[in-house]
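J.: Quick one: dock chain against chain with the hints and give me the complex.
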Amino acid sequence: MKIEDEKSFDELGDKEYKYGFVTDIESDSLPPGLNEDIVRAISKRKDEPEWLTDWRVKAYHHWTTLEEPTWAKVEFPPIDYQALSYYSAPKQKIDAPKSLDEIDPELLETYKKLGIPLHEQEVFAGVVAVDAVFDSVSVATTFKGKLEEMGIIFGSFSDAVKEHPELVKKYLGSVVPYKDNYYATLNSAVFSDGSFCYVPPGVRCPMELSTYFRINAANTGQFERTLLIADEGAYVSYLEGCTAPQRDENQLHAAVVELVAHKDAQIKYSTVQNWYPGDKDGKGGIYNFVTKRGHCRGDNSKISWTQVETGSAITWKYPSCILKGDNSVGEFYSVAVTNNMQQADTGTKMIHIGKNTSSTIISKGISAGKAQNSYRGMVKVVETAENARNFSQCDSMLIGDQCGAHTFPYIDVSNPTAQVEHEATTTKIGEDQIFYCNQRGLDTEEAVTMIVNGFCKEVFRELPMEFAVEAQKLLGISLEGSVG
Amino acid sequence: MLKELRKKAEADFKANGFPSTKEELWRFTDVSRVANAEFSNEWKEASVDFQPLDKIVVVFENGKLSREKSNFGDLPKGVCIGSIMDLVDPRIGSLADAQSAFVSANTAYFTDGAFIEVTDGVEVDTPIHLVYLADADGAAFHMRNFISAGVGSKVTVVEEYIGETEKNYWTNAVTEVFVADRGSVDHYKVQRESAASFHFQTLEAHVGADAVFSNHAVTFGSALGRNDIRGKLTGEGGEAICNGIYLLKDKQHFDTHMFMDHAVPKCNSHEMYKGILDDKARAVFCGRILVQKDAQETDAIQFNGNLLLSRGAKVNTLPQLEIYADDVKCTHGATIGELDDVELYYLQTRGIDPVKGHAMLTFAFANEVLDEVKCKVVKIKIEDLVHAWLEKVSA
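One line per chain: the protein sequences are A and B, in this order. The opening residue of the first sequence carries number 3 in the working numbering; numbering runs sequentially from there. The opening residue of the second sequence carries number 30 in the working numbering; numbering runs sequentially from there.
These are computed hints drawn from the structure, not numbers from a lab. Possibly wrong hints are sitting among the right ones.
Said to hold, decoys possible - Okay, derived cross-link-like pairs now, DSS-like style, lysine-lysine, Cα gap no bigger than 30 Å in a straight line:
(1) Lys358/B to Lys372/A
(2) Lys282/A to Lys75/A
(3) Lys358/B to Lys475/A
(4) Lys282/A to Lys322/B
(5) Lys372/A to Lys322/B
(6) Lys322/B to Lys430/A
(7) Lys430/A to Lys358/B
(8) Lys75/A to Lys261/B
(9) Lys84/B to Lys408/B
(10) Lys405/B to Lys93/B
(11) Lys351/A to Lys309/B
(12) Lys430/A to Lys295/B
(13) Lys60/A to Lys51/B
(14) Lys280/B to Lys351/A
(15) Lys285/A to Lys322/B
(16) Lys51/B to Lys181/A
(17) Lys322/B to Lys75/A
(18) Lys51/B to Lys326/A
(19) Lys357/A to Lys280/B
(20) Lys75/A to Lys51/B
(21) Lys280/B to Lys326/A
(22) Lys358/B to Lys282/A
(23) Lys459/A to Lys322/B
(24) Lys295/B to Lys372/A
(25) Lys358/B to Lys459/A
The following block holds chain B by itself, in its conformation from the complex (with noise of 0.2 Å):
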């Protein structure tokens, strides 16, 4: 089954290459440096340091599992983590096979990847960190990962990305993600690639009856980079969060795009993301809520803002909303602009001087997302990471 479907997406990826801007989804991202970038596959050692959130580490070392590095903990029963090149499920490769050119060419190429299955009624405490490696010149990592939540399940991942300073290559991920009815996936992503690397990332997702999916989306590498998530709500009474924020400098580039399909009636999703961009970088945001013929009772909020720090900064955003039911309740917000200068007046009438209250007002603006994160250590970890970028921008 899986043999057959990488072949297929090797032909598809063979066949279509990469997508061009003329494509309305990528229209603001032009990924010809990815595309005209050659890439090699020799593996090495990876020397970056990270610091694991909790007892249960998983790391992939330059796209290998790395056991020595790894610390699988004591796992409750049920729990089933792994290499996804050990672990075998037919649903891999059901939810993303060939959305895009990235999808394509992960199906086909993927060498490694967590394998993370939850069984009915398991409660996992201890939240699992995925840490992806990075520091060789030249390679692409197409990672794989799948995470699936039994019904009435609950559990909490953590896929961190880090990479070494201006080290050049590609990591093209790729995450499915099932909750089965009742059950729970809160599921974080930090992304701290190499300055001078690409970062693309697919994440499918699939809600059932009364679960929870929630997803938070930190964004502070790359060069070239973009998320897409897709969520699907599949029965009643499911919700969806999907947060993120992306902080930008020099040039960097960054996509998100969203989709939030409502299939069917009584679910919720709610969306906020929220930009910060310095220097010259630029920012893409598209979120799409789609509520179906039938899916009616949907509750879905959507909201993106963004700061400007500096000129040359740039935002493209594209909040959408296509709605064929009528009982709904459908919103969607986007901002641009900059700090206030009457809330820094009132700091510095306060005693607080300008580039601390710049700090403390852009902070604040980060805040309301960070508010969001249920997961204690992952929120003091976000939190530390947006607090050192803020001073490395104002310094």
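Just chain A, with the same shape it has in the complex (with noise of 0.2 Å):
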């Protein structure tokens, strides 16, 4: 779109990013490098099992034997595994953290400028829990009390281990198998923590929970691993939001989730992803490239993820839901914001098993700068899926004539039952539109963070509310610079 005042708007091109700083604290890293020795000390480090060990090493082997994807429309330079370090952990007394007040205050200093209210939590009572992840090790857990209580397992990956082994080995890989994809069984041997929750059969949950990622010591890669099950009759809600200091080295980020329902049970997923994205000339940012997947195990399971992206360099994620108990629900809604040199290849997969299954997805991109941003989905609905019904709605908006909105959908039916429906719409702000907002006494700036907020309502609506007002908050963060 053309709007005259561009003078403005390279004022507001030249915002830095937010949460942009490096914490100084000694880390306790592994030599850059992978080999199955790499492999086996990581998981000596955390002090594993022999069966993890295993299933590490196996992944690893496995690792070998494949090439990177290449089909994602993304571009990047080869990324050279053996130059990252695989394994960093904060400096720690001996004797693990008992409360807030024996945790390093620098730490504690980094999550206060990230906004994590750990210390207000105690005051703010059961509002959120947070198992808050520096880098790759579990610093602090709060709530833990209260939770245990109800005999929901709330923690760090790797306490889970060693608490509730006969859980992890359970369920770990049963949704995202080792051998899943190029990035996948990379995060299954060398994951370094993330987030472990068991809720029991007929408990709700009652409180949101939540993580705070954070990328942190120069030129290590973090690999999260989180696993979430929820039991007959469970309901949890969880969040997630990521930001990371800025950076001049492409980091990588291969994130791995798998979500259990079983049979009634719920599971609602929430992200705001922040990683820093790189300068304007597509300089630095993070690499993130996710492996998230739901399994409707039981009957009537409902499955709903929300994400916000609006960081990294670039983006690969497809949170997807396999739909395979009877009456089971699986629910998308996404907003992809890409500015400058960002891109983002993005979406979701649908798989209909059960009967009467069914699925929504609303994706909501939109592109800036130089940006690209493509939505890739998959609907597939297999031979004994009767009744299954999928509504698909991918709108994108183009915010200047530099970049580009791709919708790359995949619909597979086998059933003829089904009821599959997909559409897609692209749009841009119309110069009425803002000219109405100008009038009204909005600026340029404010009238596209308006109009871009009333574009995504829809996924915004989906997110707890104190995410959603981050989300708000981080979209308009993300798109100031890109009017012009």
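T.: Shown next, in the form of structure tokens:
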């Protein structure tokens, strides 16, 4: 779109990444490189049982046979996997901290800058439990006690391996097997830590569980592993938010998230992703190659993904649902914003297997600057999925004439009783809309933020309250300097 | 020129061979049955019936032009129709030379096809009916057609492929279409090949400024087949309409790949494809709209609807948008489903039995595409064929 007042937009373009800083904490890292010894060393450092070490080693060997996928509509220089360091943990006192006071004050400072209310949480009793991950190891877990009373297990993945090995062994890799894809396999071999949550039958988790991720130590890829299980009739809502310090070298982030919903269970998984996107010329930024998948294992189960993707130089992410149980429901609500040189190839997969399964896909892609934003999704209805129902809507908005917006849906239907609908539209912000807002005293930037927020409303209303506010702010920050 | 092109295409074809399902564009269509079959080039007369649409009809018999069966009517001045083997134009092969193994093979081995040229300002009222008759078992027909419409000219061309039941042969056609500025080409393709045959066609069209190209592809036949329809809007104000229906049964597999390239601003493209699938038939639809960087004020609409009549029928649909310009209006949609019980019930309450109601609703589903057919004689023909197909299916 053409707007006359170009000068003010240039000023806006200089807005720096708000969360860009590096905390100076000594890191206990392994040397760069990847081989079987490194994989074993990671496992040993984390004191893992033999079966898990073997699983990692199997994944590593399988990984060496794979090639990086090239089908996504993203471009980046080849990654030297041998130049990365695969483990980094903040140095700790010999005994693990028992309360927040014992935690490295500098670390607490980092979280403070990020706005995570760790201290305040004790005051704001019972709003949000944070299992905060600093680089690779869990530092503090709050509200664990309260959750424990209800039988909910929520904590770091490493703790879960020690305290509940039977559950981890049963579910790990059951949704995303270690052979799944290049990045998931790499993650299976070298995953550092992550969150684990188990909600027992019939329990409704009373608070939104959340984890804040943050990449720190230089040259360290971060490989989170998250496993969430909602047993029969359980309910859990999980929030995940990311910010990362500004850095010039590209950083690799290859996480795996597995969700399991048993009979009548419900999982709601929300993400706000704001990794460092690189500067205006595309220098730096995070490579976000994530595998997320939910398995509606039992009848009447439901998994809902909501994501707001504003950061990362490259996003490669397809949160999916396997609808195996009869009457199970899968949902995917997504807002992906790309500005400057950012590239996003994101979408979902809905695999209908059970009877009367239904899925909804609402995807909003916003592309500005020289960014490329693609929706790539699949809806598959197999022979057994009687009366399956899917509705997909993918809307794209283009801001400026240098960017691209693309839609690549794959629809495979093998059952005549299925009803599948897909629609996609592409629009821009009309000059008349902007003019109208200007007339009413809003400057162009406010107007754009408002219009874009309206465009994304269907997705934002799926987010938990506190996230929705944050997401709207983020959207504003991400699009700053894009108008013109 | 053409000689060199054919040599190069043959080398390409021999070097690359047929595509495999590992290639994204051929993911859902396995052509190994064509690749592994042996084809001969022995010519024989064809004994297949056909009905000429109007006065002008050009008949190809098992891959060769038949002057006896053809009728060139009273051609208006400025219109040239003949065999591509007799007429020379440097543009032959300039649009389609090696997009796929099928195009390479065609460029290398084509033996005949229609050449139609309408000079500037000439309007041809009668539809030009091209008929391709096939009944030679084990033969391969590489047909090459060339259509050129001059500035401000107007022409209607109907390609009809008719094969005798159960004959096993391979039709591999390529049609190149040039529509000059303000020109209009109304193109139809009716495919009624033998149920045991292979049918592949690539259509390439370049559409000039303020010109209109419309294409309707109606598919009934072939065991395994594919239409590659590729349009490029090269002049401002150009318009492309690409519609079609595929009616498939038994174990038929038919693939439609559409690619619409908006290279310049202010062009429109509309695509509507409908599929009706019975038994264990399988349809693939891939429609890609590309809006290039400077193609502002593009208006592109694409829709693919599929009706599944039986268990075992299968559809893969991939409507794709690739957009590099911001001032555009692009939408696409796809649906897959079966007939609505409520609608059937409504008809029953009005005294229409379920079998008839079923046929009525199925026809209505297809009719949305038929409504767009401008040429009356063609419309009647397609309607009759669709009715006949539906009767066979419901019986």
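J.: Take the hints in turn and mark each one as holding or not.
T.: So, going through the hints one by one against the coordinates:
no.	hint	result
1	Lys358/B to Lys372/A	holds (20 Å)
2	Lys282/A to Lys75/A	holds (20 Å)
3	Lys358/B to Lys475/A	holds (28 Å)
4	Lys282/A to Lys322/B	holds (20 Å)
5	Lys372/A to Lys322/B	holds (11 Å)
6	Lys322/B to Lys430/A	holds (15 Å)
7	Lys430/A to Lys358/B	holds (9 Å)
8	Lys75/A to Lys261/B	holds (22 Å)
9	Lys84/B to Lys408/B	holds (17 Å)
10	Lys405/B to Lys93/B	holds (29 Å)
11	Lys351/A to Lys309/B	holds (25 Å)
12	Lys430/A to Lys295/B	holds (16 Å)
13	Lys60/A to Lys51/B	holds (27 Å)
14	Lys280/B to Lys351/A	holds (28 Å)
15	Lys285/A to Lys322/B	holds (24 Å)
16	Lys51/B to Lys181/A	holds (19 Å)
17	Lys322/B to Lys75/A	holds (17 Å)
18	Lys51/B to Lys326/A	holds (28 Å)
19	Lys357/A to Lys280/B	holds (26 Å)
20	Lys75/A to Lys51/B	holds (18 Å)
21	Lys280/B to Lys326/A	holds (28 Å)
22	Lys358/B to Lys282/A	holds (28 Å)
23	Lys459/A to Lys322/B	holds (29 Å)
24	Lys295/B to Lys372/A	holds (23 Å)
25	Lys358/B to Lys459/A	holds (21 Å)
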